[in-house]
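Those sequence lines, one after another, are chains A and B. If you're matching positions, the first sequence starts at 1 in our numbering and goes up one per residue. If you're matching positions, the second sequence starts at 1 in our numbering and goes up one per residue.
Per label pair, the in silico range of CB-to-CB distance:
| # | chain 1 | residue 1 | chain 2 | residue 2 | range |
| --- | --- | --- | --- | --- | --- |
| 1 | A | 145 | B | 24 | 53 to 59 Å |
| 2 | B | 78 | A | 386 | 40 to 46 Å |
| 3 | A | 32 | B | 67 | 41 to 47 Å |
| 4 | A | 441 | B | 159 | 20 to 26 Å |
| 5 | A | 343 | B | 21 | 50 to 56 Å |
Keep in mind that the hints were calculated from the coordinates and are not lab data. Just so it is clear, CB atoms sit at the ideal spot from N, CA and C, and this is done for glycine as well.
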Amino acid sequence: MQGLTYGAVTRDILRPLFKPSAAYLGLLGLALGIMAWGGYCWWYQLVHGLGAAGYTPPVFWGVYITTFVFWIGIGHAGTLISAILFLFRSRWRTGVYRAAEAMTIFAVMTAGLFPAIHVGRAWNAYWLFPYPNQRELWQNFKSPLMWDVFAVSTYFSVSTIFFYIGLIPDLAAVRDKTTGLVHKMYTHMSLGWRGTDRQWRHYMAAYGFFAAFATPLVLSVHSVVSWDFAMAQTMGWHSTLFPPYFVGGAIFSGCAMVITLLLPMSKIFDWGEYINTWHFESLAKMCLLTGAILTYAYAVEHYIAWYSDNPYEWGIFVYRAMGEEYAWVFYMMVFCNCLAPLVWWKKSWRQNWTILFIVSIIINVGMWFERYNIIASSLAHQFDPMSWVHYTPTWVELGIMLGSFGWFFVWFLLFIKVMPAVAVAEVKELIRPPLKSDEEAAA
Amino acid sequence: MSGMTLTAVYGHLDCMIDSVSAVKKAGVTDFVATSPLPRHDLEHVIYEGKPSPVRWFTMFGAIFGGTLGFALASFTHLNWPMIIPAGKPLVSVPAFLVITFESTVLWGCLFTLVGLIVNCRLPGFGLQKELEDRRFSDDKFGLILNGLSAAQVEQWKKTLHGLGAQELTVTERSHG
Chain A
1 MQGLTYGAVT RDILRPLFKP SAAYLGLLGL ALGIMAWGGY CWWYQLVHGL
51 GAAGYTPPVF WGVYITTFVF WIGIGHAGTL ISAILFLFRS RWRTGVYRAA
101 EAMTIFAVMT AGLFPAIHVG RAWNAYWLFP YPNQRELWQN FKSPLMWDVF
151 AVSTYFSVST IFFYIGLIPD LAAVRDKTTG LVHKMYTHMS LGWRGTDRQW
201 RHYMAAYGFF AAFATPLVLS VHSVVSWDFA MAQTMGWHST LFPPYFVGGA
251 IFSGCAMVIT LLLPMSKIFD WGEYINTWHF ESLAKMCLLT GAILTYAYAV
301 EHYIAWYSDN PYEWGIFVYR AMGEEYAWVF YMMVFCNCLA PLVWWKKSWR
351 QNWTILFIVS IIINVGMWFE RYNIIASSLA HQFDPMSWVH YTPTWVELGI
401 MLGSFGWFFV WFLLFIKVMP AVAVAEVKEL IRPPLKSDEE AAA
Chain B
1 MSGMTLTAVY GHLDCMIDSV SAVKKAGVTD FVATSPLPRH DLEHVIYEGK
51 PSPVRWFTMF GAIFGGTLGF ALASFTHLNW PMIIPAGKPL VSVPAFLVIT
101 FESTVLWGCL FTLVGLIVNC RLPGFGLQKE LEDRRFSDDK FGLILNGLSA
151 AQVEQWKKTL HGLGAQELTV TERSHG
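Modelling step: build the complete structure from the supplied sequences, incorporating the hints.
In structure tokens, the structure reads:
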């Protein structure tokens, strides 16, 4: 970033706003089309009932819960990068954290749809939240599902606040570069921010507190999601290993998704100064670390199942790897999450944008299959052989899952045209401030 | 407040810091410094390390949230007591810790947000006109001295120019 000025930073980062290219509109149209298909599938399920989903007793958790956990996992990297790396004063976070935070919010919004889709009668989804009612009925706060409602809604609220607070000074910068109605809109969105000494003082204090709150939240959310499984007696789920295993996996998939999203963005917007190989390499290293944790977790859960000498527990792990129904899912997971990222141990491949992009997509595919492997196989192969079934998703479930990607990308594409996708004020902090003494020394 | 307002625009951070130091040293209290980015050195000169009161909002919010979370879970279980076998208590501390934690974080953040809004005086639509210079969110620093007499304006113009101000404007104070 040597040689950059404050003015150049503002100009470069705000350049892609507002003017949509034909390619952008094409992408947005595609995302809207996929979202509409998902919407149709959901409508079909609402009309025909949950029978439209492939639930086969006793498998009542399938693609919807798999996709819910997948999107919650994706939502982990944003707040990890923005909050935890902020507290560690990691310099590489600055270029990527805004887009990663936006990704988090849209991923959690996407995940939030799935409990409503999964329960069938989506209009009753508000029953998840405690509210005074005439029957004086309350939710069971000892249930991990209730913990999950609180964990996910708190995570969404805190991430949104953190995201918006970070945006305020940059929205003010956009306001000052626009005119007319757009200027008015950004004046309100920036809450009349003027960057005064009083505002910056309290802003920086508050930002630190938000980061401090968000840090344990990042680690807690997927731990709580993992308890949805680990608190049950189901084989393959009932394990104390689950919280770190899930958190590691979530950060792994989240960082991969940040690479998938930001790599083309940096290329298209010519943001090499702000998002470059240094950032992607750092993300790839995060993936290598968390991928190693994940691989270790896979190995340990198999070892514990064998060492426990519990025939049911060991049976499910043998079934996952060798049963004819789900073995391909298991090997897909192992290939995508354990083997494919290993190419990043080679520095030149870690710095190759094509390899980075392809492997990041493979990881995300693998992480979806990981959740499917955990959920479907354990439920389809429980204690009593008489209840063993083969669960196969229907076109409705797969359509809704696909539609969720459309929904996510619509939000993300709108975001990059309306809000600065790189933090203007924070990037300015990274460059050497303009100093009279420097100019005098140079003269 | 009556008097005149002097707005100085700076392109260099060190000149801005020197000017703010001079203003502070002269005992002027009615001034505003603006910056396109957070600068701790500037904040240190103005507030001399005094911490922001936002922290009290945060602490109160977190304590309130933690108490509320545990109380909500306990109250609901006592209000509809389910007789669970194996002697499990109605009010179970380990089970309710998750709700307590989430509520602590949520309310801590909400109160911090309130603290930020109150202390920053957001939304700041009624601030003085001089702050509306579009360059202050881009690449310039600004120092605005309020409530000056004609003689003080002349004196400060000379001082700030000498300290590196690139542009000096005198106005009747708008409001704020």
